[in-house]
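Chemist: Each chain is listed here by its residues.
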Amino acid sequence: MTDMTMEIAAAFLLSYTAWAAFALAMRKHSRRVWSDASTPLRRETRMASRLVGAVCLALSFIACVSQWGWAGGSVAWFGVLTATALGFVFLLAYAPRLAAGTAGATLLASPAAFYIM
Amino acid sequence: MRPARPMKAMKEGEAVLSPVYFYLASRLAAGIAGGYALAAAFSVWLSFVLPMPRADAVLTGLLASFAIYAAAILWAFAARSLWRMWFGLLVPAAACAAFAWLTGPITTP
Amino acid sequence: MGWLHTWAGLVVGWVLFFMFLTGTAGYFDVEIDRWMQPERSLPQAAMPAERAAAVGLKRLAAAAPGAERWFIGLPGYRSPDLRLFWRMPPGPDGKRGATGRAQLDAATGEPLQHRDTGGGQLLYRMHYDFHYMPHKVANWIAGVCTMFMLIAIVTGIVIHKRIFADFFTFRSHKGQRSWLDAHNVLSVLALPYHLMITYSGLIFFAYLYMAPVVAATYGAGEENRRVYFDELSGRDDIPERAGPPAALAPLGPLVKDAERRMGAGGVHYLNIYNPGDANARVVIAGGELVPSRKRTKLRFDGTTGTLLRASNPHSASYVTWQTLLGLHEGLFAGPALRWLYFLTALMGTAMIGAGLVLWTAKRRAKTGGTVGFRLVEKLNIGTVAGLPIAVAAFFWANRLIPVGLEGRAAWEAHAMFIVWASMLLHAFFRPASRAWGEQLWLAAGAFGLLPLLNALTTDKHLGVTLPARAWELAGFDLTMFGFGAAFAWVALSRMRKNRRSAKQTVPA
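Residue numbers (numbering that gives the first Met the number 0), protein chains in the order written: chain A, 0 to 116; chain B, 0 to 108; chain C, 0 to 507.
Hints are computed from structural coordinates only; laboratory data are not their basis. Ideal Cβ placement from N, Cα and C applies to all residues, glycine included. Heads up, none of these hints are tricks.
Derived DSSO-like pairs: lysine-lysine, alpha-carbon spacing no greater than 30 Å straight-line:
(1) C/K94 - C/K296
(2) C/K502 - C/K365
(3) A/K27 - C/K160
(4) A/K27 - C/K361
(5) C/K496 - A/K27
(6) A/K27 - C/K173
Stretch by stretch, here's where chain A covers chain C in the computed footprint (C-beta under 8 Å, at least three residues):
(7) 280 to 293
(8) 335 to 342
Make a model of the complete structure from these sequences and hints.
Modeler: Encoded structure:
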C-alpha cells in the first residue's frame with residue numbers, strides 16, 4: 000500500500016468516525032444502538048463524543064489537503080464527508096449495531112492511518 | 000422568513016378564478032419578470048461602476064446576477080402584501096437602471 | 000416558502016432528473032467512450048509527449064495546411080488518445096473558417112478504428128443540449144430549469160427547520176415519512192454539491208441568460224460578445240497573419256522545455272496559431288490539474304522558437320469564474336475524487352427522484368383520483384424508473400445495432416429516447432403499482448445483464464479486462480452490474496412491502 004492510498008483511507012476513516020460520534024451523541028440515535036433506553040447519556044459523555052467528532056473532522060480535512068493540495072483537498076473533503084455520511088446513515092437505518100461497531104473499528108484504525116500517512 | 004398569507008389560505012381544489020389565484024399569478028409574474036429586471040439592472044449598474052477592466056466588470060456582474068434573481072423571486076413570495084412586493088422589486092430595479100443610464104460605463108477598457 | 004419549494008421542484012422535476020442523470024454519467028464520459036468503442040485495443044502505454052507532438056504535427060500539416068490554428072491534445076491520464084483539431088482562416092465573407100478534428104491512437108499514431116458511436120460525449124452533452132433541439136433553445140430550457148432548481152434548493156433550506164436535528168435521520172418502511180427522510184438526507188448531506196452544481200450551471204451560459212449585461216457594455220449581437228470573450232481570455236494577443244511564409248520551428252525542443260517546467264506528463268496540449276506564417280505562435284499549456292482550471296501557458300515565437308512569455312496573471316473575477324466552471328466539470332479530479340463526484344451527483348439525481356415520489360406519497364390519500372395526481376404519478380414512473388432503463392438501452396443499442404449500419408450512432412440515441420417514450424406509455428397504460436414493479440425489474444435486468452451482453456458480443460468483457468487491469472472498461476461493467484443489483488433490491492423490497500400490507504388489509 001502506498002502512502003497516497005493511506006491518506007485517502009485516513010480521510011474516509013476519520014470522517015466516518017466523526018459522523019458516528021456526532022450521531023451517537025444524540026439520544027434518538029444512540030438508543031437505537033444501545034437498546035437500554037432508560038439511561039440517557041450523561042452530558043459529559045455527549046460533549047466528549049462531539050469533541051471527538053470535531054477533532055476527527057479537522058483531521059480528515061488535513062488528510063485530504065495532504066493528498067490533494069489545498070484547492071483539490073477542500074473539494075475532496077466535501078466529497079468524503081458526503082460519502083461517509085451517506086454510508087453511515089444507511090447503516091444506521093438498516094443495521095444500527097453494525098453502524099456503531101464499524102465506528103468503533105474506524106475510531107481505532109483512523110489514528111493509525113493518520114500516523115502512517 | 001414568514002410564509003405569505005395568501006399562500007397559506009390556499010387550499011387544494013379551490014376555484015381557479017378565486018382571488019387567491021390572482022395573488023398567485025401576480026407573485027409569479029413579479030418574481031419571474033420583475034426579478035429578472037432587477038437582476039439585470041443591478042448587474043448592468045455593477046458592471047458600470049466597478050473599478051476594473053470592463054471585461055472583468057461585466058463578468059462580475061454576470062456572476063452576481065443569479066444570486067440577485069433568486070433573492071428577488073424569494074422576495075416576491077415572502078413579502079407580506081402585493082404593494083410591498085412590487086415596491087421592493089421595482090424601486091431598486093429603477094434606481095439601478097437610472098444610475099447606470101446616468102453614469103454610463105465608466106470603467107477603463 | 001413550502002408552496003414555492005413544492006411547485007418549483009415539481010414543474011420541472013422531470014427535466015431536472017434528466018439533466019442530473021445524464022450529467023452524472025458525464026463524469027465518466029471518457030470511460031463510457033472507451034466502453035462504447037470495443038474494437039479498440041486495451042489501453043497501452045502512450046507515446047512520450049515529444050513524439051506525440053511530432054506525430055500530431057505531421058497529420059495536421061497534411062490535413063490542414065494554411066490553417067488559422069492547429070490544436071494537438073496530448074495523451075492524458077484518462078485517455079491515451081491524441082486529439083487533433085484545426086480551424087481554417089475566415090472566408091472573404093467574414094464568416095469563421097471551417098473546422099476539422101481527428102483522434103489518433105497514441106501507440107501507433109494511426110486514426111482510431113472503431114464503430115460509429117456518440118459515446119459518453121453524446122450522453123454527457125444531453126444534459127444541456129437535450130439532443131434533438133437547436134443549441135440555443137436547449138440552453139435556454141436548461142437555464143430556466145436550473146433557475147427553478149436554485150429556487151427549490153434555497154426554499155428547501157428555509158423550510159427544513161431541523162437540518163441538524165434530522166441530519167442522520169432515515170426511517171425505513173414508513174411510507175411517506177421514509178420518502179421525506181430520503182429526500183432530506185440526500186439533499187442535506189450533499190448540499191454543498193447541489194448548490195455548487197446549480198449555480199455554476201447557470202454561470203456556463205450566463206452570457207446568454209443575462210445577455211443585456213454584456214450588451215450594455217459591448218453592444219448586442221454575436222460579434223460583440225466575441226469581443227467580450229476575447230478580452231476576457233486574453234486571446235486577442237495573437238498577432239494577425241503576416242503574409243510571408245516561414246517554416247515552423249521544430250516542436251521537440253519546445254515540448255522538452257515545457258516538460259521541464261511542468262513535470263513529465265504535465266504537458267496537456269499545444270496550440271499553433273498561424274502555422275507556416277512569419278507570425279506563427281506556439282502556446283504550450285499544462286501543469287497540475289486544479290479546480291480553477293488554471294494552466295501554465297508558455298508562448299513561443301513559432302518561427303524562432305524563443306519563449307515570449309509565461310502565463311499571464313488573471314483577475315479575481317476571472318479566477319472565480321473559472322473555479323465555478325472547473326468545480327462543475329470536475330476535470331481536475333483523479334480517480335478517487337472522480338468517484339466521489341459521481342456518487343454525489345447520483346445523490347442529486349436520487350434526491351430529485353425522491354422529491355417527485357414524495358409529492359405523490361403525500362397526496363395519495365386526499366387527491367389520489369384527480370387527473371393531475373395521476374399525471375404526476377405516471378410521469379414519475381416513466382422518468383424515475385423509465386429514464387434509467389432508457390440509458391441502459393443506449394448501451395444495449397451500442398452492442399446490438401449492426402456495426403456497418405448507416406447512421407448507427409444516431410440510432411443509438413434514438414433507441415434511448417424510443418425506450419423512454421415506451422416507458423412513459425407503459426406507465427400510462429398500466430396500474431401505477433404494477434407499472435412501478437415492472438419497470439424496476441426491467442431496470443434491474445437492463446443494467447444487470449449488460450456485462451453479460453458485453454461478454455456475448457465483444458472480446459472486451461470482464462474475463463479479459465479484469466486480468467488485464469483495464470479498470471476503465473472493467474469498472475463500467477461492474478458499475479452497471481451494481482446498478483442492476485440496486486434496482487433489484489428496490490424492486491424486491493417493494494414486493495415484500497406490498498405483500499405485508501396486503502396481508503394486513505385482508506380481513507381475518
